[in-house]
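Number of protein chains: 2
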Amino acid sequence: MSRAITLVESTLASDQLLAVEVLAGCQAHVKESFRIGITGVPGVGKSTFIDAFGSHLTGLGHKVVVLAIDPSSEISHGSILGDKTRMERLSRDPRAYVRPSPARGSLGGVTRATREAILLCEAAGFDLIIVETVGVGQSEIAVHSMVDFFLLLMLAGAGDELQGIKKGIMEMADGIAINKADGDNLQKAKQARAEYESALHLFPMAANGWLPPVKICSAVLGDGIPELTEMVFNFRDTQSANGFLGNQRRQQAKTWMHETIGHVLLNRFYKDAEIQKVLIDKELQVESGKIPPTVAATQLIELYLQPIS
Amino acid sequence: MSRAITLVESTLASDQLLAVEVLAGCQAHVKESFRIGITGVPGVGKSTFIDAFGSHLTGLGHKVVVLAIDPSSEISHGSILGDKTRMERLSRDPRAYVRPSPARGSLGGVTRATREAILLCEAAGFDLIIVETVGVGQSEIAVHSMVDFFLLLMLAGAGDELQGIKKGIMEMADGIAINKADGDNLQKAKQARAEYESALHLFPMAANGWLPPVKICSAVLGDGIPELTEMVFNFRDTQSANGFLGNQRRQQAKTWMHETIGHVLLNRFYKDAEIQKVLIDKELQVESGKIPPTVAATQLIELYLQPIS
Chain A
518 MSRAITLVES TLASDQLLAV EVLAGCQAHV KESFRIGITG VPGVGKSTFI DAFGSHLTGL
578 GHKVVVLAID PSSEISHGSI LGDKTRMERL SRDPRAYVRP SPARGSLGGV TRATREAILL
638 CEAAGFDLII VETVGVGQSE IAVHSMVDFF LLLMLAGAGD ELQGIKKGIM EMADGIAINK
698 ADGDNLQKAK QARAEYESAL HLFPMAANGW LPPVKICSAV LGDGIPELTE MVFNFRDTQS
758 ANGFLGNQRR QQAKTWMHET IGHVLLNRFY KDAEIQKVLI DKELQVESGK IPPTVAATQL
818 IELYLQPIS
Chain B
518 MSRAITLVES TLASDQLLAV EVLAGCQAHV KESFRIGITG VPGVGKSTFI DAFGSHLTGL
578 GHKVVVLAID PSSEISHGSI LGDKTRMERL SRDPRAYVRP SPARGSLGGV TRATREAILL
638 CEAAGFDLII VETVGVGQSE IAVHSMVDFF LLLMLAGAGD ELQGIKKGIM EMADGIAINK
698 ADGDNLQKAK QARAEYESAL HLFPMAANGW LPPVKICSAV LGDGIPELTE MVFNFRDTQS
758 ANGFLGNQRR QQAKTWMHET IGHVLLNRFY KDAEIQKVLI DKELQVESGK IPPTVAATQL
818 IELYLQPIS
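If you read the protein sequences in the order shown, they are chains A and B. Residues in the first sequence are numbered consecutively from 518, following the numbering used here. Residues in the second sequence are numbered consecutively from 518, following the numbering used here.
Since the hints were made in silico from the structure, they are not lab data. Only a predicted model underlies this, so the values are computations on that prediction, with no experimental measurement involved. Wrong hints could be hidden among the right ones.
Some chain A residues judged to face chain B by a derived CB distance under 7 Å, without partners named [as the list claims (entries may be wrong)]:
1) Leu636
2) Arg767
3) Lys771
Below, simulated EDC-like cross-link-like pairs (lysine to aspartate or glutamate); rule was C-alpha separation at most 20 Å, straight line [unchecked claim]:
4) B:Lys771 x A:Glu800
5) A:Lys771 x B:Asp798
6) A:Lys707 x A:Asp740
The C-beta atom is built at its ideal place from N, Cα and C for all residues, glycine as well.
Start from the sequences, fold in the hints, and give me the full structure.
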């Protein structure tokens, strides 16, 4: 399975063709699965949380995979996620597979590879897929679009800690867990839970009628992990029964097909030699207000479609 | 100006070419302007609010334009927005121009036309542009991407009224106004203001350091309109001074250029005769899980690039 995932992560055209064949072959073997996205800013204790949560899940008899989308690795060429040593228990657990984040690639490429890794892992018999990401950039939107349940990890004593989370992420969450609710921090965590609960009541309800619960937990002590798990499974059961889960997956699959088409078409455009010659100049003209965006776009498209012969 | 806007709204290729020329010519004449997006579900009193707000602005010496993005008109082929009779004072005001919403067209087309109408109106000397939309669908995201300030109109006694607003809209707002704060409703509106203020404190702060204020007003009586106006101008002044406003406009312009390119490329793809023959079938295969999205996308792209010769 590792090799298959490496294949879908590859940017070589020959590997990508092979990956498409592997994927097409896998589709028949996919069993019932549940996909959980987890986000939270660095410092929230995400690795420890996933280690505790994932171990609890394998203890219940599930086969668990942890994948990561980490656009920060694009810049550092290293990865702050997906380091196996971060999840000591889970990485030694025979019922779990922790996949390190690919060390490089654009967010689009990493997203594609992760989506396909999900399919491969499901074909290999894993029934609980955890996709983690850091609470910065566009990666949460990518993760949100490929999972059934989206969990936001937070700390008590909001305000400062929230600065790292992008606007809009809060409203995407299907549930919030306030971590590090232990010792001196327990009271603060309980207060934060009450505040978030009342705030979430003011916000628009999702079409599926689910009001995101706010839970407290201590990943280090393991406190609250069973209750949180129960909440996630409650979501799975009610949303399976009312049909929203199946519908969401169908929509996600269709959207992903169209996004892939758009990605490929745009990629061809931006890699065009004529476009590359003039693009930065056009961008500057648009930013400085010299030409309206639509005019610049029209000029570029004309250049692309009618190359100098 | 009306005729120029009709031109940018046209879907005829010849009109679009002409519109591009008109726009390119206009760019030199654009003066300092401020663009305000306003959203809120039907029943919130949006027309009455814009009538009162806009009249207050012309009273301060501004030249005001009201444009509308109304995707609902796509379905009904009529328009629930942009009806001039909704804004009695403003439509008779010589310093104001109320543009009815185009009666048809895709959201993408209407968005493009509205963006260009903004540029035309600014070239014609209007310095305050109001873009209104209903709190449903994707139209708020479109409006948010073309304005300097995004105002969310709400009613007291949240909960039920919020159902119509899409998730994520709340976190896009630069300010919230609770309308119909009059008579028996005044106390409820004040309470709602306190609740939203404390809720917004829990949510991530924008990069520009602006915490969205919550105001109460009664558009019918005119109460609170001057205070709201002051708040909007306070935003304009502080965000101009710290450079965020200019930066946001440059980003919006660049993004719009790239979005237009993507729109044109996708449009050509989906209008391709070979693609149209097989697309619905591929979508169904993807939705039912028969083939993975990436595989379907790859097959479609191959079909598009290598037509049967």
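Exercise. Enumerate the violated hints, using their earlier numbering and listing them in ascending order.
Key: none
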